[in-house]
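A.B. asks: Sequence:
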Amino acid sequence: MASHHRLLQLTIVVFSFSASLVFNIVSADPVVDSVLSRVYDGYDQQGACWRAHSDSEDGFCCLKVKRQDRLNTAKSTRLYLLLTGQCYNNNGELDNSHASSGMVGAFVLGLEKNNVSIIAGHPRMPMGSWGTPPEDWSLVKLGPNDYWGWKSEGGYTGQGTSWSWYSFLAPYGKSIRELTAPLNFDDSGNCSEEDKCPSTIIEGKLEIDSTQIDEAVFPLHLTLEGKIKGKKFAPKTWVLPFDTKSWSYKKPKGLPDMEG
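Quick note on the numbering used here: the sequence shown kicks off at 44 and runs consecutively.
No lab work stands behind these hints: they were computed from the structure. Here a beta-carbon is modelled for each residue, glycine too, at the ideal position from N, C-alpha and C. Each hint should be verified, as a subset may be incorrect.
List time: in silico DSS-like cross-link candidates among lysine-lysine, alpha-carbon distance up to 30 Å [said to hold, decoys possible]:
#, residue 1, residue 2
1, K184, K239
2, K293, K239
3, K239, K194
4, K274, K239
5, K288, K272
6, K279, K217
7, K275, K288
8, K274, K293
9, K184, K248
10, K184, K274
11, K248, K270
12, K272, K248
13, K107, K217
14, K248, K274
15, K272, K217
16, K274, K288
Here are the computed distance ranges between Cβ atoms for each label pair [unchecked claim]:
#, residue 1, residue 2, range
17, F276, A117, 31 to 39 Å
18, K156, E136, 18 to 26 Å
19, S119, T200, 15 to 23 Å
20, S77, C240, 40 to 48 Å
21, V183, A117, 46 to 54 Å
Construct the entire structure; sequences and hints are all you get.
C.D. replies: Here you go:
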């Protein structure tokens with residue numbers, strides 16, 4: 044199986060935390076293949092991807108390795124593996140309706156000599172739209188004690204209103220859970236030039252507050268600016284604390300409504 048893979052990129056980043064090195068290798072290897080072959084429906088030679096059944100009847104998704112990051116911690120070596128892929132209907136056509144999602148698979152693998160184990164994983168997470176998932180992902184530190192996950196941006200436009208948000212894929216027990224935080228909001232498409240109705244346009248910038256090392260998961264700092272119903276407001280930063288009971292970021296009091 045390894046013959047169809049080749050090394051595309053190798054990046055080494057040094058961290059001051061307990062993790063020493065992260066290797067970003069955007070390809071798979073025989074050890075990874077052995078795991079994926081047990082998780083997915085098989086390798087599609089023509090599509091050069093791993094097949095996974097989709098939620099549509101007789102449909103399937105075609106997933107490829109997007110990121111493969113090796114993290115050396117003080118206790119063990121872990122491999123953070125992320126796959127993304129488009130989804131197709133039973134005729135093999137791209138399922139590209141607006142409401143159709145793509146698919147993401149995420150795994151945290153434990154490596155010990157020649158043995159590999161799945162510490163946490165979720166092979167089939169519907170994400171994205173038009174049959175395509177988010178493609179711009181980065182590995183980020185989400186909390187102390189070597190708690191890492193992936194970050195990307197998602198968005199949606201419907202009836203003249205656009206939303207966008209940050210998506211985090213974070214280990215949760217033996218699985219992977221998606222955590223979200225708002226980013227941008229724009230309902231100006233709901234109004235014609237003749238109507239001149241007051242619109243809300245909010246732009247956000249987010250940072251992970253990694254200084255809060257006593258928290259199970261780092262809080263987020265969300266800075267927003269723009270206008271609400273036509274009235275501008277000065278840039279302001281809110282803290283989104285993490286709720287370990289619901290395992291999600293909490294909406295702070297006073298945060299503008301960015302859900303429409």
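A.B. asks: Which numbered hints are broken by the structure, listed smallest first?
C.D. replies: The structure conflicts with hints 1, 2, 3, 5, 6, 7, 10, 15, 16, 17, 18, 19, 20 and 21, although it agrees with all the remaining ones.
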